[in-house]
Amino acid sequence: MSADHTGLVGALAPGFAHFLVAVAALLVTSIGLAVVGWRARPALAHVARTINRYVLLGVLSLIVLFPIYITVVNSLLPADKIAARPPTLFPTHLLAGGYSQAWTQGHVSSYLFNSFVVTFFIVAGQLVTSICAAYAFAFLDFPLKRTIFVVFLATMMVPFEVVFFTNLQTVVSMGHLPVIGHFLGLDTYGALVVPFLATGFGAFLVRQAFLSLPRDLRDAAELDGYGHLRFMWRVAVPLARPTIAALALFSFFDAWNQYLWPLVVTDHYRTVQVGLRQLSRVSLDQINVTFAGTVLAAVPLLILLLVFQKQLVRGLTAGAVKG
Amino acid sequence: MTAVATPPRRRRRRFRRRTRDMLLGYALVLPSLLVFGTFIFYPFVKNFWLGLYRTPPFPNLPRSWVGLSQYRDVLTSQLFTNSFKVTVEFVALTVPVGITLGLLLAVLAHQRLRGITIFRTIFSSTVVTSVAVASLISLTLLNPQIGLLNYWLGRSGSLSPLDDPKWALVAVAGVTIWQNLGLSFIIMSAGLQAVPDELLEAARTDGAGTWSRFRNVTLPMLSPTLFFATIVGSILAFHSFGQIDLLTQGGPENHTNVLVYAIYRTVFQENNNGKAAVLAIALFAITMVLTLVQLRFLERRVSYER
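Those protein sequence lines, which keep their order, are chains A and B.
End of the first sequence = 323 in my numbering, gap-free, step of one.
End of the second sequence = 1306 in my numbering, gap-free, step of one.
Heads up, some of the hints might be wrong.
As the list claims (entries may be wrong) - Label pairs and their calculated CB-CB ranges:
| # | chain 1 | residue 1 | chain 2 | residue 2 | range |
| --- | --- | --- | --- | --- | --- |
| 1 | B | Pro1144 | A | Pro242 | 46 to 56 Å |
| 2 | A | Arg281 | B | Ser1077 | 37 to 47 Å |
| 3 | B | Val1170 | A | Arg215 | 47 to 57 Å |
Source of the hints: derived by calculation from the structure; they are not laboratory data.
Remember, predicted model here, so these are calculated numbers, not experimental data.
Glycine is no exception: its CB is placed at the ideal position from the N, C-alpha and C atoms.
Starting from the given sequences, assemble the full structure and let the hints guide the process.
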């Protein structure tokens, strides 16, 4: 591999080509070590294999993280530095100007606020409705229970993308109603929240958790004079906490990441995902503001990932069941 | 609870209690049912009905009943056939690669190694990127003037892949794969953790090598997870909208005009709800087929335990 790049490598920019060559060299060396060591000394082979693994994991981490990393770097650079060639791959300036501009002029602060309000109410609402419905399905008997349960499951078959424009008509006409219109019309928090206040998936998930509780529990609580609501709140919900936590995190992700519905239903009350759409339309000499806004939009979920990794994994894995 | 005959007073009390339980049951499911009725079932039924009327070319004209002919017209139109083709291509580009990469990362991270949790966190990190965040990141990476990827691929100053009819869908698919890599990794890791160590240990004592263990033990045990991920991934990919809206707006020349984007455009650019309703029903039918396949094959084809 000489310095003059020819053929396929030649088409690539020099920095990138060097990177590829360096990675290839590292891998070849450590694989070579492993093969040689395997013949000569097992202990050496073990070391080489370990190095191999770290190199491979490290390279893959770099590739996965690179887009995020470069966005953070670019958010700290002045706009003309971002466009410079060869590119700046490390933060040289640590300019927070992009952030303050995104926060105020870019309206990211109000986008984030809207997203927090909407997400909070969706998550809280989904937890309440799911727990209530799940309790009814698991602990109460009433005519048509099975049918109603099937109705709950059937909601999972109708994706929101199929009904969004019909719901838009509903919201528009609700806006014309006397009192409700202020809360449910176009461009209100209500329009962003109310359609998502219940989920069949959540009710199903919590029901499963309730059903796994021992039946004697209810009988014992009844002897102690617990009514259904007290039993639900004091016994069933605390015992199903892992499932409820997973559902809460899943709902949070789902609500926070919504794009299509906030886009069509709001004008003023933009959530941060749709706000990013506005930010993507700024001119190139302010591109660092776009990068800063992008980073800010991802921070809340990043915090959730780092703090609640276990519950989040549960929630997302369970969520994969949902269509 | 007991089958023993109960005295009348207690029976009456039990009857009252049962009525109370019943009412409580209805009260507890009612809020959910109200939301479902208003925002899922009502619009769903209304879609079928909307599809029977042709929206007039100018607002304020009365719409006309055309019956099922609109279904036929729309489903044979160039718009639908193109969107369907593009969406299927998009699914075919994103799902297999996404699952394979997620599995690859999961297998690599599924070993006892000092500091492995750091790598696990890194591999799951793209779950924090929403569609919008991922699209904005890649929009700038692929920008013809300042895009780093463009620069490194030797395409500086020339057309961005997003504006190139040949590459636009591939580029959008690449962004989607990256954005969903974290989720794919998390799901595959969970699947791998469910593979019992004793099985792998037994295979090892039988002299099975690394590849053979993976091929003959891990992969079959993973098949429910893989199947699940395929179906759910396909459903999600069929519903993609955000990345198209932010990256290509359906262009160039409709090469990325996936179904949901076509619906969106029909509603907001053509103001044609009748046509949009038919497209939406087609999207629903596709989703339903996938879900039914999932339910049908889940028990049969897929090995759980031997």
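Hint-by-hint comparison with the structure:
{"no.": "1", "hint": "B:Pro1144 - A:Pro242: 46 to 56 Å", "in the structure": "holds, 49 Å"}
{"no.": "2", "hint": "A:Arg281 - B:Ser1077: 37 to 47 Å", "in the structure": "violated, 31 Å"}
{"no.": "3", "hint": "B:Val1170 - A:Arg215: 47 to 57 Å", "in the structure": "holds, 55 Å"}
Hint 2 from the list above is the single one not met by this structure.
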